[in-house]
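Participant: Single-letter residue listing:
Number of protein chains: 2
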Amino acid sequence: MAWQRVDLTTAQIDHLKTLVTGLVSTNESVLDQHGRDESAIAPVRPSAVVMPRSTDEVAAVLAYCNKEKIPVVAFGAGSSLEGHVLPLFGGISLDLTEMNKIIEIRADDLLVRVQPGVTRMALNEKLASSGLFFSVDPGADATLGGMASTGAAGTTTVRYGSMRENVLALTAVMADGTIIRTGRETRKLSAGYDLTRLLVGSEGTLAIITELTLRVFGIPEKMAAAIVRFPTLAEGVSAATTIVRSGISIARCEFLDAKCIKNVNAHDGLTLAEVPTLFFEFHGSPQGVQEDASSVKDIVEEFGGSDFEWTTDEGARRKLWQARHNAYWAGIAANPGKRAVSTDAAVPLSKLAEAVTVADELLAKYKYPYSILGHVADANFHCFIVTDPSKPEELEEVRHVTHEITMRIIEMGGTCTGEHGIGSGKIDALVAETGAAAVGIMKSIKQSLDPNNILNPGKVFN
Amino acid sequence: MAWQRVDLTTAQIDHLKTLVTGLVSTNESVLDQHGRDESAIAPVRPSAVVMPRSTDEVAAVLAYCNKEKIPVVAFGAGSSLEGHVLPLFGGISLDLTEMNKIIEIRADDLLVRVQPGVTRMALNEKLASSGLFFSVDPGADATLGGMASTGAAGTTTVRYGSMRENVLALTAVMADGTIIRTGRETRKLSAGYDLTRLLVGSEGTLAIITELTLRVFGIPEKMAAAIVRFPTLAEGVSAATTIVRSGISIARCEFLDAKCIKNVNAHDGLTLAEVPTLFFEFHGSPQGVQEDASSVKDIVEEFGGSDFEWTTDEGARRKLWQARHNAYWAGIAANPGKRAVSTDAAVPLSKLAEAVTVADELLAKYKYPYSILGHVADANFHCFIVTDPSKPEELEEVRHVTHEITMRIIEMGGTCTGEHGIGSGKIDALVAETGAAAVGIMKSIKQSLDPNNILNPGKVFN
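Chains as they are written, first to last, in the working numbering: chain X, 1 to 462; chain R, 1 to 462.
Extracted from the complex, chain X is given alone in its bound form:
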């Protein structure tokens, strides 16, 4: 399935223009914009950018690219942290942002139908007036198609699940242009192989998603937030895993280390104490929320947690979570001109304190600024490591350290990626973690569904 870079001929570009009503561009700035994401991986330009406006147009483009053996990489918001949208072997960047209609909001069925270019914030803005919200929240304002393709998760996953649990049905176009519908608009389904969950998280290597049916939830009657400080990193994360084991209902539970708090203070004009901190959110009935918060307070105090601050004020709650979401950019802002590499380990609950400590100790040996934060109730955490993009040898060294962390995590029974995906940077880690036999099965599936390997070549596998 090896590729060399594919640059389109003028005839091919002209033909593509007959297949879509949107733009087909080879403008340099458009190519540049589609050649990078939020990762620190060096940009790679596509040969052309193609903007379809319907499932049928996507089908026509894929049928043509399959015949001509042109690589196709889907593009949404470009917020991937693993280089997913980089067209490593040229070909076209299939920009789906003009397919951004919210097709239908079905409040009575607690579901919505959207095109893949709709962003999660645009959807939530529209849903608010129906008293509903879409729960998956990776921080960035990603497109829903991109979030499905990468199996995104985020701060609310502990309560509401990731994309895997919240995508009910898909329309997708296979490599040869065949249009399929997977799943059903029902809350339960046991009809045949679970193609929906096979496509979710397949990182654009099996199909292009052109429509999604998503589960939505009623906005809770009451939401409250709390902050608590800890003497050490290990105590903070141990408190979080104990809360999960207790079965207390938490909607969010995020850990930020002292450096992370320092960065968000500077970026968001806050004055939080610069020590290891847990942010919580509670959703439910007024009494239930209070009861949950009070149970959490009891547990965190056993782990040396102090200054438990609690608020039901909507403005304060939003400000807190905005700061959390800005943590990535706050880390970069603290180091102007730099880029960040993010790890994405998840481990069994009981290994979290050890895993975070191992990562912290390894990173402390190097010169690179870093901070640690995470969705600790799911035992998933990120190390943000800042490097200078003008010094490729720095990126090389950082990659070496993150690989070392990843291998230690895998030894503990963890995974190299809880939510960011494999992309092109963790191909070896996937094999180390899952085994060559299981990766061989994944490749068989890829080979049978995309025999010419036109869909996002160079991602997930070599």
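These aren't lab readings, by the way, just hints derived from the structure by calculation. All the pointers check out, no bait thrown in.
Below are the DSS-like pairs computed for lysine-lysine, each with C-alpha atoms no more than 25 angstroms apart in a straight line:
#	chain 1	residue 1	chain 2	residue 2
1	X	Lys-222	R	Lys-297
2	X	Lys-443	X	Lys-69
3	R	Lys-338	R	Lys-391
4	X	Lys-67	R	Lys-443
5	R	Lys-443	X	Lys-443
6	R	Lys-222	R	Lys-126
7	X	Lys-259	X	Lys-297
8	R	Lys-67	X	Lys-443
9	X	Lys-391	X	Lys-365
10	R	Lys-69	R	Lys-17
11	X	Lys-319	X	Lys-259
12	X	Lys-222	R	Lys-222
13	X	Lys-259	X	Lys-391
14	R	Lys-365	R	Lys-262
15	R	Lys-262	R	Lys-338
16	X	Lys-297	R	Lys-222
17	X	Lys-259	X	Lys-365
18	R	Lys-365	R	Lys-338
Please arrange chain R on chain X, whose structure you already have, making use of the hints.
Facilitator: Chain R alone, transformed into the frame defined by chain X:
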């Protein structure tokens, strides 16, 4: 991928005996026992029964059967309602019940590792002393391997999810004997294709599951049950869907029609009023449970619900749910010597009242005793229709009616199966529901992973 019946030669049986330490049997009563399940489908004997005791033995058997082109059908408790375990084309029944070890209970990680022959009740008995429980509850005391293979769900799915959400990792043997490990013992995972969820619900057609890592939960601090009666079927189910939309946390919400209540009264010695009834269960903190129940009471009363009876007594709660679980056998017991056919429709929430009414009206036109019950908070319901197994023309007619119901459900945007699976009886319905293109993709995957079609031939597809 067509098959004719395969009967093993003596040499083949002798060779299989060298591959496993358990029994290899052609005893007639053993063959009979492995040739039927809880469905009304006519029994079909395997040519031999093989009982492996380890993953390696399963691998040796599959490698051999693949070479010899011998069909392999996995067997557990035999509680399928869709004929999954019937060896339609002979070959071997691979009985996994001797692989019944609970390998490890990891309370700190909220997970367990089990062999596939462990039943859900055996697991829960063992877990109780750790204050934990495994949530998926299909009624029957099925094996966990069988539950994973069929993507089982049940009464608690509304709160805790189905097998799809609760299987974290698998060891499985592919058709050629290759052993793979899928998933990871983490709460989040985004590493490569989701093979775990591809195998869960694949009905034994893609691999044989030989080990499972399952998510478990802490036993809730408080559990309470409630019963409420309704004037009509439609009002009962509408109340249930309204409760779901309200976001109130319910652990179980089951509907039983008047005939169903009559059957369970007779079977379990109860004296429930024989009218449409909802059974509820609430899990949580003492105050939370009370608050949830009170909110539910307010809603059901809007829909004409009356006699809201509530209990936190553990004996009464258990008795209620035992009666619910016995509903299937109670329906058969009321008609001695008969067998039951069960439908398994699920629809979008807003269509549930209409769907149940349509099914009720269609069934009322025929002479067959039936009752309706369901996991209505998930908009999934079953019609149990009783037929005489000695009159194949009756089964034929019942199949005709259930197919008519299924097609109406599919037209409403529903599915032919919320939790029982396709088996051999809903192959056409799967195509009608999902479309030939998506079923074609499923077949491509099957073809690439089991090119000789030895794994459960005649199920899911023709």
